[in-house]
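Line order of the protein sequences matches chains S and V.
The first sequence begins at 1 in this note's numbering and counts up one residue at a time.
The second sequence begins at 1 in this note's numbering and counts up one residue at a time.
Each hint should be verified, as a subset may be incorrect.
Repeated chains share a single entry, so a pair holds when one copy, or any two copies, can fit it.
Listed next, the in silico DSS-like pairs over lysine-lysine satisfying Cα-Cα at most 25 Å (straight line) [unchecked claim]:
| hint | residue 1 | residue 2 |
| --- | --- | --- |
| 1 | K92 | K235 |
| 2 | K278 | K61 |
| 3 | K48 | K61 |
| 4 | K286 | K48 |
| 5 | K97 | K44 |
| 6 | K61 | K97 |
| 7 | K196 | K278 |
| 8 | K305 | K196 |
| 9 | K314 | K286 |
| 10 | K97 | K286 |
| 11 | K196 | K92 |
| 12 | K97 | K305 |
| 13 | K278 | K48 |
| 14 | K48 | K97 |
| 15 | K44 | K235 |
| 16 | K235 | K278 |
No lab work stands behind these hints: they were computed from the structure.
Number of protein chains: 2
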Amino acid sequence: MQSNHALAEIAEVLRTRNRFVVMSHARPDGDALGCTIATALCLKQLGKDVTAWNEDGVPEKFRYLPGHEMVLRPPAEPQNFEVAIVLDNAVKTRAGKAVEAVAQADVWINIDHHITNEGYGDFSYIDATAPATGQILFELFREQELPLTYAMADNLFVAISTDTGSFQYPSTTARTYEIGADLIRAGVNVGELSQKMYESYPRRRLELLRELLNVLRFSSNDRVASFALSAETTKKLGIQADDTEGLIDYIRSINGVVAAAFFDEIGDGRVRVSLRSKSPRINVSKVCQLFGGGGHMLAAGARVKGSLAEVQEKVLHAIDHEFDQP
Amino acid sequence: MQSNHALAEIAEVLRTRNRFVVMSHARPDGDALGCTIATALCLKQLGKDVTAWNEDGVPEKFRYLPGHEMVLRPPAEPQNFEVAIVLDNAVKTRAGKAVEAVAQADVWINIDHHITNEGYGDFSYIDATAPATGQILFELFREQELPLTYAMADNLFVAISTDTGSFQYPSTTARTYEIGADLIRAGVNVGELSQKMYESYPRRRLELLRELLNVLRFSSNDRVASFALSAETTKKLGIQADDTEGLIDYIRSINGVVAAAFFDEIGDGRVRVSLRSKSPRINVSKVCQLFGGGGHMLAAGARVKGSLAEVQEKVLHAIDHEFDQP
């Protein structure tokens, strides 16, 4: 179970220790990278020796983050630190090779907003009501009067904005907006940064959307929308992991659609299935469990053996069955 | 030239007069309707006799706004009022049939954020630094201690959010975020309202996007992206005016694209051209002026005589010419 340490205790470690490593989960999103960089920059301001690692480095689309060049892929040879900080990472092993490259650390700090985080580490601070780990870091830096530079503000703004879908998701609170205001006063150029976050993607993403819309399919009396991406198309367009992110939202948002499904042929005879529901009546976690996957009631996934067409048929059939339940 | 009256003077009129009509521009967007409804609800709270008109009524996609049923199309027979309030409307005549249906009013009030508003009316308050007229109304209601109910908060939030692209455009300030926080504390359910604003559209909009992506074209060494909508496709898919809104942003956001163009065959042998630029080097207003249109440096439009293919060729050629300028 989680049992939070005071932010003051964590700030004390940051101020008194010297050799730090900062990490987050592999396949990092805006919250993971924004938090990693903001914390590394804060420690640098405090005059510390700082290392920042991510198993996947910094994906191309996040290279506008000021300070991103600090984040490296972890080395093969494990190293020693005084303090290891893990951010936005529910399960310690999900930081993957970054965690493995820490030979030894006197103190582990774990700061996160995932409800499933069990509070590993010597100091942990888990707030599942925060819409982003970036929001918790903002409170830490401000409350404990730690440095909060222009470049840190940019990183925290990206962390919070991307994890709330631009201040829109249900987890967003009045406090989140207040923090947005504070970060703008601290130097964030909201127009410029928003363009980099939301209005900039490779041409292949739009070509991918075109291919998917051309195979858009409706089932269960038009209450289910789905599309499937073949390995052939992935290869033809040079699709990378990031490119498919969020595409399911286009079809989930159609009026009258209750559930959306995305089928992605990932090779080794498997299909990655992503499901979304707009109604508690259709529990997509239950559907994914039938195929060895899991997740939340309204957002779930599974990796299923079989051809693209077979898996699509089976899963759509299982969803259709849900509509028949009393 | 603009010369602003004090918000206190405007509040005084709202408190002391009785028979009001509230209006905004035709083809209303979220700011126009949110402001119209919020003001009408405020006056109702003050116990006033309130009429709210819009030339186009309330488009289907805004029927989630609480109080939207107050907004009617103006009647054929002009009526008398004590006070006529015009919101988010730069030029008085753009409120069209709504303004024409006011036979007589003792006092005209004009509140707006468009820099081109010349300050018509007996009392005007124009703030071109405000990203939405909804932000000015918020300041009016709060500063002057006028009612600000739950339903009013929803309408102001929609006004501000839609006019800033969800708190993203360069016009967004720290104050805008502070107001977001205040409105959430006043009762806005940000998750629910955001879903209604941004994650809900008719199936035909996605079918339209598919058709457009299938004719997506790159020119000027891939620095220009464009697509064209034929009258035939408009008819086939049952496309309505609102459906095409914002589609040009999909292609403007492609990395490496400097200018985007959307060609819409509107009948009577004309094509509506919309141009966007990401660089001051490519002045799309100048291009549109060549074809009898106009606008801003980075966003402009024109209506051009000719077939869809002809107009597309001519305009893309003119844009290409811009790239050749020293």
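Ascending list of hint numbers which this structure does not respect
Checked against the structure, the hints that fail are numbers 1, 3, 4, 8, 10, 11, 12, 13, 15 and 16, while the rest are satisfied.
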